[in-house]
Amino acid sequence: MAPPTEALEVQKFSHSPLNERILSSLTQKSVAAHPWHDLEIGPGAPIIFNCVVEISKGSKVKYELDKKTGLIKVDRVLYSSVVYPHNYGFIPRTLCEDNDPLDVLVIMQEPVLPGCFLRAKAIGLMPMIDQGERDDKIIAVCADDPEYRNYTDIKELPPHRLAEIRRFFEDYKKNENKEVAVNDFLPATSAYEAIQSSEVVCRLYSRELKAVNWFEGKGYDPCYEYDVTYLLPFVFVIRW
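Count along the sequence shown from 1, add 12, and you get the number used in my numbering.
Keep in mind that the hints were calculated from the coordinates and are not lab data. Ideal placement from N, C-alpha and C gives every residue a C-beta, glycine not left out. Just to be clear, a hint being listed does not mean it is correct.
Stated by the list, open to error - Below, computed lysine-lysine pairings styled on DSS-like, alpha-carbon distance capped at 30 Å:
#	residue 1	residue 2
1	K79	K186
2	K80	K185
3	K185	K69
4	K167	K186
5	K190	K72
6	K185	K72
7	K69	K186
8	K186	K85
9	K190	K85
10	K167	K72
11	K167	K69
12	K69	K190
13	K72	K85
14	K85	K185
15	K80	K69
16	K186	K74
17	K85	K74
Claimed, not checked - Pairwise CB distance ranges, derived in the manner of DEER restraints:
#	residue 1	residue 2	range
18	V94	Q121	17 to 25 Å
19	Y91	T201	33 to 41 Å
20	L83	E176	27 to 35 Å
21	D78	E52	36 to 44 Å
22	K72	D110	17 to 25 Å
23	Y204	F129	15 to 23 Å
All chains should be modelled from the sequences, with the hints used to inform the complete structure.
Here it is, written out as structure tokens:
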């Protein structure tokens, strides 16, 4: 007697490595895939890369990645009377000096939902100091938006657009009594270097953590808190 259709579907489902992981993860009550660690940066990086969107264009809510679960959580509502001028998120499989993935502001026509990912094209770098700590932002355009996809460098943007971006980041924490300094925008080549170096740091740290866990007899959990302090003298020299 032939097995029921439903049983066949379950059998086919269980043969896929990804689906096996999803089922295993659900059993362990954790997320199936982590957007920071599991999503590829993309074959076109550092020019065109995947970006996970945390905050929609026009939002006054500051969403951010919850590193442990991989979900998008509400961090706060902005204290100042401003909204994010463009979609904002991070580049997967990157790691910066603040122990977070590399931030990216994606210029495009429409807001997109938090938690989705899109293909972004780097056109510049905005050096920023947030409360004394380096917190640079990649400036990018959506690679699949016909209005913006042909931009290749930040100097091609209208001066008003750049002034708008700068003013937002200078002002959005003022009512929290937090100091943010935005320096001059840098060209696309600086963005490429920043992406490459942060990708190297993430890869080195992941290998180091796996080695330590293996030595100590612990299982490898990709949903960990990063601490790259000891790597900074060796890797971030690439950025200077």
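Take the C-alpha atoms of K190 and K72, compute the straight-line distance between them, and say whether it is at most 30 Å.
-> Answer holds: K190 to K72 is near 17 Å, not above 30 Å.
Do the alpha carbons of K167 and K72 lie within 30 Å of each other, as the hint requires?
-> 28 Å, holds
Under the criterion that the straight-line Cα-Cα distance not exceed 30 Å, is the pair K69, K190 satisfied?
-> Within the cut-off at roughly 23 Å; holds.
Distance restraint between K167 and K69, which requires alpha-carbon spacing of 30 Å or less | With Cα atoms ~22 Å apart, K167 and K69 stay inside 30 Å; holds.
Distance restraint evaluation - Y204, F129, Cβ atoms, bounds 15 to 23 Å = Since Y204 and F129 have Cβ atoms about 20 Å apart, the given range 15 to 23 Å holds.
Is the distance from the Cβ of L83 to the Cβ of E176 consistent with 27 to 35 Å?
-> 30 Å, holds
Given pair status - K72, K185, alpha carbons within 30 Å = Holds, at about 12 Å.
Please work out if K190 and K85 have their alpha carbons no farther apart than 30 Å.
-> Holds - the C-alpha atoms of K85 and K190 are around 22 Å apart, at most 30 Å.
Below or equal to 30 Å on CA atoms is what counts here, so check K186 against K74.
-> 15 Å, holds
If you draw a straight line from the CA of K79 to the CA of K186, is it 30 Å or shorter?
-> Given pair K79, K186 holds - Cα atoms ~26 Å apart, limit 30 Å.
Does the alpha-carbon distance linking K69 and K186 stay inside the 30 Å limit?
-> Answer holds: K69 to K186 is near 20 Å, not above 30 Å.
Does K185 pair with K69 here, judged by a C-alpha cut-off of 30 Å?
-> Distance ~17 Å between K185 and K69 Cα, so the pair holds.
In the structure shown, a violation is registered for the earlier hint numbered 21 alone.
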